[in-house]
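The residues making up each chain are set out below.
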Amino acid sequence: MTGTLILDCEAVQALQDPHHPKHGRAADFIAANAIRGRRSAPTALRVVVPVAVRIEAGWDRTAPAAGNINRLTQAQDLPCREADANLGARLRVAFPNLSVVDATIGAVIASSPPPVRILTSDREDMSQLLEHLSIQGSVVSL
Amino acid sequence: MVKRRSRREALIDQLVTLGSANDSSQETTTTSIRLPVELRVALDAAVELGLEHNLTDTTVDALRERLTAHAQLLALDAHYVEYPDLRPSLAQLAIATAELDANGLAQAPELIRQAAAELIAQRPGATPDDVLTYAMGLAAGSSAA
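Listed in order, the protein sequences are those of chains A and B. Its first residue numbered 1300, the first sequence is counted upward by one per residue in my numbering. Its first residue numbered 7, the second sequence is counted upward by one per residue in my numbering.
Next up, chain A with everything else stripped away, as it sits in the complex (with noise of 0.2 Å):
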């Protein structure tokens, strides 16, 4: 297991709730890369999930309700240091209209080990995002 899977905002709300429009589609990633895990494949991706992420999309893993989304996804937390905090400062300064939670995971993006998948609906910021660091990845849309 060498890469990353990051979950994004809209990830996480797909894959909390089981009647999202897109929680069959997000949870077929995460089958598909356990699917790999099992068998110890190095293509298997870590998955993650920006501490921001989590705050933004409300997921507290002490909840009852959050029961589904911490077995599924298994998903492991990364907090933002201060280096994280200090590259995602200049990326906001690089890219004015990105969010404090994408500024976030551009950090995470920058500090993952590669290849880096980011699973989102939002291609075109983390695209783009991808490119300005020069991060080999891709994004992968719900």
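Here are some chain B residues the structure puts well away from chain A; computed CB gaps all over 12 Å: (1) S12; (2) R13; (3) T34; (4) T36; (5) V43; (6) V47; (7) Q120; (8) L144.
In silico contact screen, one side only, chain B against chain A (beta carbon under 7 Å); selected entries: (9) Q78; (10) P94; (11) T103; (12) P134.
Far from chain A, by Cβ distances over 12 Å, these chain B residues were calculated: (13) L41; (14) P42; (15) E44; (16) A51; (17) L61; (18) E124; (19) Q128; (20) A145; (21) A146.
Because the hints were derived from the structure by calculation, they are not lab data. The C-beta atom is built at its ideal place from N, Cα and C for all residues, glycine as well.
Since the structure of chain A is provided, determine the placement of chain B on it from the hints.
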């Protein structure tokens, strides 16, 4: 009447809570394991080459990856029992795999569906990666024809 949880359900709960804990919050325990000698020699070489840190980190990482995958798949199975319409077909899983890989086959979902249908008839235990390999063969065959 309160339903009694089975031993299996309790064990699955233990497994699926694995990923909820952060690395820093976990207690550790000392465990002795026996390794094949050649594996140990290979690990020492990998450490010296800078490819791995040490036996403990390598073992913990590998174990965590496998157990996390088992936990996810058990959780997904339970989820699909509750929501059977969400259970993906082999073709859907193969398409998702192709998208995760940024594989060009993701742009040919019909080819992947054909590959899944043909492959599953021959090999019921086929994986999404098997389907993609088969689909690549189909694509190569059709472009050569």
